[in-house]
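Trainee: Sequence:
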Amino acid sequence: MVNNCLYFAFATVADSRDDYYQQRAGLLQEELESTAFVDELGAVIRSEVIRTPQAADDFGRQAAQSGAQAMIIHIPIWADPELSLSLAQSFGGPVLLLGNTRGTTSSVVGTLGAGGGLDQCGISHSRVFGSGEAQQETVLQFLRAAYAKKALAGSTMLRFGERSLGIVTADPVEALWRQDFSVSVRQLPQEQIVELAEAIPEAEVERQLQWLLTDGSADFDEVFTEAAFRRQIRSYLATKQLIDRFGGSFLGVKCQKELSDGYVTQCLAHALLNGTVCSEGRCDAVPYACEADANGAITMRILNLLSGGKPTTLLDIRTLDPQAGVLTLANCGGTPPELLTDDTSAPLRGLHMCRHTFGAGGGGGLCGTLRPGKATLARLSVKNGRHCMSIVAGEVIPMPEQVRASVPHAFPCAQVRTGLTKDFLQSYDSNHIHLVYGDYIQALQLFCGMTGIDCRLYS
Numbered sequence: 124m125v126n127n128c129l130y131f132a133f134a135t136v137a138d139s140r141d142d143y144y145q146q147r148a149g150l151l152q153e154e155l156e157s158t159a160f161v162d163e164l165g166a167v168i169r170s171e172v173i174r175t176p177q178a179a180d181d182f183g184r185q186a187a188q189s190g191a192q193a194m195i196i197h198i199p200i201w202a203d204p205e206l207s208l209s210l211a212q213s214f215g216g217p218v219l220l221l222g223n224t225r226g227t228t229s230s231v232v233g234t235l236g237a238g239g240g241l242d243q244c245g246i247s248h249s250r251v252f253g254s255g256e257a258q259q260e261t262v263l264q265f266l267r268a269a270y271a272k273k274a275l276a277g278s279t280m281l282r283f284g285e286r287s288l289g290i291v292t293a294d295p296v297e298a299l300w301r302q303d304f305s306v307s308v309r310q311l312p313q314e315q316i317v318e319l320a321e322a323i324p325e326a327e328v329e330r331q332l333q334w335l336l337t338d339g340s341a342d343f344d345e346v347f348t349e350a351a352f353r354r355q356i357r358s359y360l361a362t363k364q365l366i367d368r369f370g371g372s373f374l375g376v377k378c379q380k381e382l383s384d385g386y387v388t389q390c391l392a393h394a395l396l397n398g399t400v401c402s403e404g405r406c407d408a409v410p411y412a413c414e415a416d417a418n419g420a421i422t423m424r425i426l427n428l429l430s431g432g433k434p435t436t437l438l439d440i441r442t443l444d445p446q447a448g449v450l451t452l453a454n455c456g457g458t459p460p461e462l463l464t465d466d467t468s469a470p471l472r473g474l475h476m477c478r479h480t481f482g483a484g485g486g487g488g489l490c491g492t493l494r495p496g497k498a499t500l501a502r503l504s505v506k507n508g509r510h511c512m513s514i515v516a517g518e519v520i521p522m523p524e525q526v527r528a529s530v531p532h533a534f535p536c537a538q539v540r541t542g543l544t545k546d547f548l549q550s551y552d553s554n555h556i557h558l559v560y561g562d563y564i565q566a567l568q569l570f571c572g573m574t575g576i577d578c579r580l581y582s
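If you use the working numbering, the sequence shown corresponds to residues 124 to 582, in order.
Worth flagging that the hints you see were computed from the coordinates, not collected in a lab.
Keep in mind that a hint or two might mislead.
[Said to hold, decoys possible] FRET-style restraints, in silico, Cβ to Cβ:
| id | residue 1 | residue 2 | range |
| --- | --- | --- | --- |
| 1 | 312 | 520 | 39 to 47 Å |
| 2 | 494 | 329 | 25 to 33 Å |
| 3 | 163 | 348 | 46 to 54 Å |
| 4 | 508 | 329 | 45 to 53 Å |
| 5 | 312 | 235 | 49 to 57 Å |
| 6 | 511 | 279 | 39 to 47 Å |
| 7 | 442 | 163 | 21 to 29 Å |
| 8 | 140 | 508 | 42 to 50 Å |
| 9 | 494 | 531 | 18 to 26 Å |
| 10 | 549 | 330 | 21 to 29 Å |
| 11 | 149 | 185 | 25 to 33 Å |
| 12 | 279 | 520 | 47 to 55 Å |
| 13 | 309 | 385 | 21 to 29 Å |
Glycine included, C-beta positions come from ideal geometry on N, C-alpha and C.
Whenever a hint applies, use it, and build me the whole structure from the sequences.
Mentor: Now the structure itself:
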């Protein structure tokens, strides 16, 4: 099935010598036919067979001008390495060299020559040999990474308030963001949320309330009142207006204590914006980190893009059982309801609001445990003046009752089997970690390579 997000160029290069080209024309055609799988990966612009530097330059510029996110350079037989170099330089984006291991084609020779030329000129690239299932998967992950890189570039984070609870790892180094990702930060006062929230018509608040409680639930009491829940709904709607006004692609809010004590906790806004459902039906997730966690928010956005728009979450690392390799994760803000239920037809059944553990302004937190499934966990940090992406492969597993009882009731939580050992706690660079369902480890590693940042795979 074609992925509507992915758009890439596919250039085939071949020998500039007429006699050798003719001798291998049959092999070239066979290898071209073996690449039909790429047409199923997304929208593609294909070249004719390129045999001169001028043709390579022309197609590279055409691909760049068309907005292609990446270029696959197919080397089915020996091809002059300078052709790949001309393509890569005139295109200017992520490049993957696609060769084969058939001895009669001399593809390995040509691909190594092309790769060496790119390395010599400092052009980062990936290489794949063959068109089997594993190789096709690598090509797909490369295209996902290239899409995420291009989609992230030029975007803006809206950060409401400043550092929360003294968490210094939440602060962005904006110069590095601009250098590595071409992303900016717009700092806004939290008070704007309150001002807009109080101006929301009561009829719209009521409509949202009825929608939320059709499949979701709220346990009101003397602390978590319906009035406080309505303020949470107002905050959610106000934040949506601010996204429209300022054009943010991902967000963070300080919340504690100005909003949590002075107005209401922002947990509902986090939960709904991080998800893919709204009162109008399906919608795009807008990654939203609590505690003004900028590095968390951009991590969530990267995972969201790599996964084709899946919801993401922010969680604290509460404990690690090194014998079992199991992480226990929990945090009051950031988990969308659809991650707390197996019912894909009614994702709001994962919305169960209950009295929060803090916040004089009232408001509820979400209760529940994340549903089982394979997951990718990650976190962007800064180490010695460079970005580094920590990556963990895991599987969310059912949580025993005694473990759930050890976590505050208003904190969505998860147990994740990872294979991590106690060494993880000696080197991991944050109290926060971020999760998306599915296996995007390879895509994340490729993204790090494309953007020139370091990465560390823990498991």
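Trainee: Of all the hints given earlier, name the ones this structure violates by number, lowest first.
Mentor: Hints 6, 7, 10, 12 not satisfied by this model.
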